[in-house]
Amino acid sequence: MSEAQAIAATEAELGLTPSDKPRGMFIRAWEVFAENKLGLAGLAFVIFILLFCFVGPHLYVTNQVNTDLTNYLCHPSGQHLLGCDDLGYDEIGRLMVGGQTSLEVGLAAAVVSVVFGTLYGAISGFAGGITDAIMMRVVDAGLSLPYLMVLIILSVIFHPTVTTIIFIIAIFYWFGVARLVRGETIALRNREYVQAVKVIGGRPLRAVIRHIVPNAIGTIIVQGTFAVADAILTLSVLGFLTLGVAPPATDWGSMLSSGLNYIQGGNYWWLIYPPGICIILTCISFNFIGDALRDAFETRLQRR
Amino acid sequence: MVGFLIRRIGQAIIVLVMVTVATLGLVHLFPGGPVRALLGDRATPFLINYYNHLYGFNQPFYLQYLKWVGQLLQGNLGFSDKLNVSVATLIGQDLPKTIVLVVLGLIVSLIFGIPLGVYQAVHRNSPADYVLTGISFLGYSTPVFFLGIVLIDWFAVDSHVFPATAPQSSSVASILADPRALVLPVVTYAFLLYALWSRYMRSSVLDNLVQDYVRTARAKGASERRVVWGHVFRNSLVSIVTLLGLSLPSMVTGAILIEVVFNYAGMGLAFYQAALNNDFNVLLSFTVLVTVVTILGNLLADIGYAVLDPRVRF
Amino acid sequence: MALLEISDLRTEIQLKEGVVHAVDGVTLHVDEGETLGVVGESGCGKTMTALTIMQLLPNGGRIAGGSIKLAGREITTLKPDEMRKVRGDDIAMIFQDPLSSLNPTHTVGAQISEAVLLHRDVTKKEAYDRAVEVLDLVGMPRAKERVEEYPHQFSGGMRQRVMIAMALACEPKLLIADEPTTALDVTIQKQILELIDDLRRRLGMAVIMVTHDLGVIAGRADRVAVMYAGKVVETTDTSALYENPRHPYTEALFHALPEKSAETRERLYSIPGAPPDLVNPPQGCRFAPRCRYATDKCRTEAPELNGETSAHTYRCFFPVGAKEKTVQGQLTVIEPIAAPEPDALVDQHVGDVVLEARDLVKDFPVTSGLMRRKIGTVSAVAGVSFDIRKGETLGLVGESGCGKTTIGRMLVGLDKPTSGSVLFGGKDLARSSGREYRHERRDIQYMFQDSYASLDPRMRAGTILREPLVVQGMGSRREQHAKITEMLGKVGLPASWTERYPHEFSGGQRQRLGFARALLLDPQVIVADEPVSALDVSVQAQVLNMMRDLQRELGLTYLFISHDLSVVRYLSNHIGVMYLGKLVEIGTADEVYLRPAHPYTKGLIESAPTADPELERAKVHEGIVGELPSAIHPPTGCRFRTRCPIAQEICSTVEPELKPYGVGNHFAACHFALQPPAEVAASSATEQVS
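Residue numbers (my numbering), protein chains in the order written: chain A, 1153 to 1456; chain B, -19 to 294; chain C, -18 to 671.
In case anyone wonders, no lab produced these hints; they're calculated from the structure. One thing to keep in mind: the hints can contain errors.
Stretch-level coverage of chain B by chain A, calculated; a stretch enters the list once three of its residues show a Cβ under 8 Å from a Cβ in chain A [to be verified]:
no.	region
1	110 to 122
2	164 to 176
Chain A side only, calculated, beta carbon under 8 Å to chain C, not exhaustive [as the list claims (entries may be wrong)]:
no.	residue
3	Pro1209
4	Phe1268
5	Asp1292
6	Gly1335
7	Ala1339
8	Arg1343
9	Gln1347
10	Lys1350
11	Val1351
12	Ile1352
13	Pro1356
14	Asn1367
15	Thr1371
Pair ranges (Cβ atoms, derived) [what the hints assert, rightly or not]:
no.	chain 1	residue 1	chain 2	residue 2	range
16	B	Val65	A	Thr1316	31 to 41 Å
17	A	Trp1182	B	Leu156	17 to 27 Å
18	C	Leu596	B	Pro95	23 to 33 Å
19	B	Val83	A	Leu1203	37 to 47 Å
20	C	Asp258	B	Val273	40 to 50 Å
21	B	Val49	C	Thr617	23 to 33 Å
22	B	Thr145	A	Thr1394	46 to 56 Å
23	B	Leu156	A	Val1213	52 to 62 Å
24	A	Thr1283	C	Val451	26 to 36 Å
25	B	Ile91	A	Val1213	32 to 42 Å
For every residue, glycine included, the Cβ atom is placed at its ideal position computed from N, Cα and C.
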């Protein structure tokens, strides 16, 4: 019999074939992710806060539209668990409304910047040459700008709504994503399995779509989660500088801004700590998730 | 090495041009033009025309750009109508204060961040490592202004240990003579930066510890201490240098926020007030100044990288 | 008393999946001034044993039992401070990859003097002087100047000399060399091995040479220990091992070496299966599952290390070999299962020329500056011509930088030649692009060197195999599936494995998968770039046998690129030798190997270690001296002249052309060829090189 048949027969006889079921890429990534306690904790909190902000108002109904000055700065009580703010709104209700804005903007800005940055970076990396050089100079320029200053200027010019804020934030985040994705693309472009596509007669487009993108997706997703955390922070900064969304909409940052006014006068802790802690916990959760995802997508590749 | 320098400077110049063009372009984004912002409610078509002509806003973009760049290079940074001083004067009086804050914050954060990062890597997964990692994560996730507010609440309002505002005096010397007032702002600022350095250092040292040359050093009989500080530390520092350059925008952000929270009359507070007043000359010139500093900073970081890593030099 | 005595050493590594018993009962000894070779394939524990001696175990590793005595002193129980004194001073170690093993930001001088300063009470200046001295000792030219340079400024061979200098700075009693030449070219390898041998004699040092290469051991070791699955399975002095291996594994290893079968072209013996899992090692003899002589006793009981004489011990109940079969009473000799029949290379019907390379030239620009101005060119391939006939194999051999890989890539269109043409069936492949190029892929395919990098880790095996068919639009889904199953069968992989991912395959299996992918388009020609270089000897044999079988069955034509002369000789009908972008010799395999006409070929053959101690010791030729010149500024005239023992003035002014020598179509490019020129008919002299 031929060599190949002999080998196959002996190996089968000796039981030298691995028996575990092959598992797909995302399933294996999830397994590694699940081992990371912090990542799981982060995920749990994110789910919680999403429910709190979006489902909460239906369960804990408060009036967030009409001010009620009789409740001006009321202390926490049975009726208002975390007290009221300077316009008489219930604080917990305010947190929910503010949270909706913060989370919406955070997630949307992250998605927009990652999608755009990925396309830009992938094209630049794959094209190479002069095209790449010019495109990257643009990215360098973007990364050199002090983004808060420009954000402030843009906010002053545009008196932003929720939608414009999303784009303003996204405009600054995509530079970093583009540079990262370009780096990945260049690294992957030189891998032999991408060159192998050419050898079997495949077109470059096939190489990009079938081979480069799937292998870069891990990095992109990780970057996306960090982007959410950054966007929420940036929005809170704008809100704090009263350059964010206009009332009656609010976000956690704006809540902090108005809270700061009362800090000297007395102990109105419920105006300050709840929104601040919400920001911290949400951001830290996304950071934990991002960190855990990074491990998940990497170790999987190293498992031989 | 020379070739490397020339290449980097060339890139920096291109970036600078792009940035200044973009910045000038920003001004024109304002609906109705920048003059409208200047005049606010007083804007009548006649006045708008007048000022457009006066400032040259009705000329083609490239002419405006060249004129503006020419002015900048001569040191003429514009005039703030709202405050009635030249921007240059404003910078002259506010920049030193910001520098004090930034330098102090940087020093404090580096003093803690770098050694602790190394410590964390060497004692990976120990309880201390977990605690310090947690602190770093807090550093990334806490809005700088919130931290400032909380610290003010605890140390100034409640316990009166430190004052609630930063030094209000206008000269650097008297500022430094009042260290108690500087503590809270500097500590808040440093906390954000500390998180960056220590996380990065930890990661860099960990990467280096598994390199083959570490095994060779051990095979020669070097002690762990020598391996870490004599071999790994220097190679890990290289990536921090690059990071320093890239973090300049974050440092600027932090400075602005700290100055607002603590009412510290540096460039950041001035910028914020200019924003609230629609004082565009100030806004533009400050932005350009900071961008130039950032680009230069990146250039210096690259040079520093070449100094530390001989592979780039030869 | 031996210098180093290891008894029943056990090393464990704690991993997430469990505890790996990397070293599981190793006993050996090294006497003063002798070289002990420790040989085995990947995963056998040889490197881990070396690291255990130095106590340089990775995270999670620890010594679980046994003893190591250095000059009578037990070193496994030393405190860390005391062990540190031993490392670098009494025992020194050098590693496989000198580039990554040296600190890139410290000068070479600083690193060598560090070794001195750690163990001797001297001033910095004295340490530095010693560094220069020892660098000179290892044959570094201009040591005084070069001591200020950084590792990346040295070539591979020079870097290894630096490592050796660092190791010898304190004149250790024992030097452990872990695969010291595996990453180096053959000619440099010989220089380094000579150097180690020479230094050993001069300094009265003992050496432990850890390697997978039986040829290296044959020439340099006094005694050998063969390791398998964490244990020593046979140990004796070198000649006895090669003449009379007692353990079936050792015997099998020899049978798997291509050089043993190169003349007869017998089928190689390939050991089926793979080494056992060291987390849960099997109960009986560890080699039993793969041993062709195994019995039930072997599978249940674990044999001890025994032997008729203490000089030659082996771990087997039913050893092979004849001589030392002295009485042990219960030793019964079982008739071994008949070894596979020798399968002589039938002269297959060799057809017409199917692929022709004409004057191929490839230059790579070297750029610098902001606008990427070209400041020089690397002359990777400088005018190479050859042809291959249908059904035969042309082996292209040479060291790093010779251009063989570039030629392979040009043949399949991964690189475009700067000038010259590649003719297939009369058409120039190098000029085609777009749809034409894509269509031509059906005729000529490529096999990559690194199977792990050439298979997309995110795709399942079935998808990877289906891709060529999909891209070329060949067949319906069902037909594709059938073809994939057929091809998997041809390379000896189960059809059910289409669901698996590349990382679930072993190295040899991945290489077979890569081969299957190349075969799917029914090509006529396959260009294989170092297909077996990264594989262990036993696995290599599987792949080589498979390639041979399929060549015969499917009428394939191969261009086989490799740096390993013995492998090339085994598989090829014709061999082409390349040096620095030039084809310096070409002819039939036997002609080139047995009667080389070019001095480089001769040097290459002499430098390559063979698994025959007699032959190795008889080699007096000092190999090829010097280093590879720069490809950006190659030497004028003959490119080999800077390292050639017989170069004359004409060699630097006139570039030699390929002229016929000896018998058959044997050509060489040398003014002073080592064979008599052939009588070539006038008509064939006008042909292009072929």
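Evaluated hints:
| no. | hint | result |
| --- | --- | --- |
| 1 | 110 to 122 | holds (count 5) |
| 2 | 164 to 176 | violated (count 0) |
| 3 | Pro1209 | violated, 42 Å |
| 4 | Phe1268 | violated, 24 Å |
| 5 | Asp1292 | violated, 14 Å |
| 6 | Gly1335 | violated, 18 Å |
| 7 | Ala1339 | violated, 12 Å |
| 8 | Arg1343 | holds, 6 Å |
| 9 | Gln1347 | holds, 6 Å |
| 10 | Lys1350 | holds, 6 Å |
| 11 | Val1351 | holds, 5 Å |
| 12 | Ile1352 | holds, 4 Å |
| 13 | Pro1356 | violated, 11 Å |
| 14 | Asn1367 | holds, 6 Å |
| 15 | Thr1371 | violated, 13 Å |
| 16 | B:Val65 x A:Thr1316: 31 to 41 Å | holds, 33 Å |
| 17 | A:Trp1182 x B:Leu156: 17 to 27 Å | violated, 55 Å |
| 18 | C:Leu596 x B:Pro95: 23 to 33 Å | violated, 59 Å |
| 19 | B:Val83 x A:Leu1203: 37 to 47 Å | holds, 45 Å |
| 20 | C:Asp258 x B:Val273: 40 to 50 Å | violated, 59 Å |
| 21 | B:Val49 x C:Thr617: 23 to 33 Å | violated, 54 Å |
| 22 | B:Thr145 x A:Thr1394: 46 to 56 Å | violated, 19 Å |
| 23 | B:Leu156 x A:Val1213: 52 to 62 Å | holds, 55 Å |
| 24 | A:Thr1283 x C:Val451: 26 to 36 Å | holds, 30 Å |
| 25 | B:Ile91 x A:Val1213: 32 to 42 Å | violated, 52 Å |
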